[in-house]
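S.K.: Protein chains in written order, with the working numbering: chain A, 12 to 160; chain B, 1443 to 1712.
If you are wondering where the hints come from, they were derived from the structure by calculation, not from laboratory data. For each residue, glycine too, the CB sits at the ideal point set by N, CA and C. Every clue listed holds true.
Take a look, some chain A residues computed to stay more than 10 Å from chain B by CB distance:
#1 45
#2 72
#3 73
#4 74
#5 96
Label pairs and their calculated CB-CB ranges:
#6 A:72 to B:1451: 36 to 46 Å
#7 B:1627 to A:18: 30 to 40 Å
#8 B:1609 to A:115: 52 to 62 Å
#9 B:1549 to A:84: 28 to 38 Å
#10 A:96 to B:1690: 32 to 42 Å
#11 A:45 to B:1452: 51 to 61 Å
#12 A:104 to B:1627: 40 to 50 Å
#13 B:1690 to A:18: 19 to 29 Å
#14 A:62 to B:1690: 39 to 49 Å
#15 B:1590 to A:44: 44 to 54 Å
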Amino acid sequence: MDQIGFIAESVRIPTSTGSLLILVLNLQEELSGEPISRELINSIYLQAASDDPKGYLHYSDKQNVSGDIIGIPRAAAVIEGHENHTRTAELSIDLGKVPGLEKEMISLLKGTIVRVPVTQAVIYGWYDNEMGSYVNILGDRAVSVAEDM
Amino acid sequence: MDSRIGNDQGLKLGINGLGRIGKLTIWHHVGRKYFNELVVNIGREAGTSLEDIAHYLERDSIYGSLHGFLYGQNSAPLIGDLDEENGSLTIDGVTIRFLRSFRNPIEINWKTHGINLVVDTTGQFLDPTLPADHPKGAVRGHLESGAEKVIVSAPFKIKDEGKPMPEDVVTSVMGINDDAYDPRRHKIISNASCTTTCLAHMMKPLINAFGPKKILSASMATVHAATGSQEVLDRLPKAGAVDLRKSRSIMNNIILTTTGAAKALSLVIP
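Extracted from the complex, chain A is given alone in its bound form (with noise of 0.2 Å):
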């Protein structure tokens, strides 16, 4: 996570519980391949989200506001999958100003473009920042600890 670089913002508002998280990341696709769409976002949370052990992560196809999320219990996150969306833009590099190659290589490799598919992922998270999402959790550490005392 150190290499990623993250970047974090916050802004408070006038509700008393309920927050939304917007978590934006660009990701490197393979060169052949398919693209990554906001299908394949929403797909890979509804099978973590079915498959989470303890429950923590939910998935909603539904138009949510951020009261409908208020008192879900043990939701550190519920996806709203509806929101996702997923833009692909493309590096072109060429290789031959590629730098730190030789000079033979340079002019073999020079007009070679190369096209990276870069995608941009907009995911929508909400969470009771009270008892749905913290509290319940907390209470959860709290029974895991006592459990191995």
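Go by the hints and put chain B onto chain A.
M.R.: Frame of chain A; chain B shown alone:
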């Protein structure tokens, strides 16, 4: 076997603080009934009698009534057996005892109440590098006064950033890096923040699917509900305040603030 209250070892839970997190933690454990007794340190008087504390526990501006939250519309109030002298009451069979004398963890005397596990929800004692007898109080004070384990409901805040993290301290998000907690080694556990918890659960499936190398860059923004640190109306900033937005009215404002959620993420997903 009937719905039993309590765990096999008869372990009780200590809770420091009765703010939003402390109170809702009581709600959680009253519903769960893993602990048959909760000892809650408020550290001061509240209202004029135990009845005032009972009312505060019974109703909630966000979640409604305690009995409604646990058992639905047709249920009856659950708080009873108010014992003003002992500062205790029962909720749905769970005994709750209130301590109202000391704010400094080292003075709370958890031992006499049979408490060896404490959840500190005050947000006031988040520096595990400070000694137990630090004049303003420190999280290690709980360990001195009887707790074997302390869970804090926020990320650690180390004042002197040069200091290394002590060996008996860990930050863990449930369902993400549960293995990081070693019961033989760790005495102080940070449960991280709500935002880090959400972020970690959002990142994990993508890291598993694509691998960290495919993630070129990442950023997040949280649109976050108000917390107790907000002001109702504009106030004069505190002496030495660097973030002036913290003193502005949360009513009718979008207030920019900082979050340590991304930094904290690397503690739970390396």
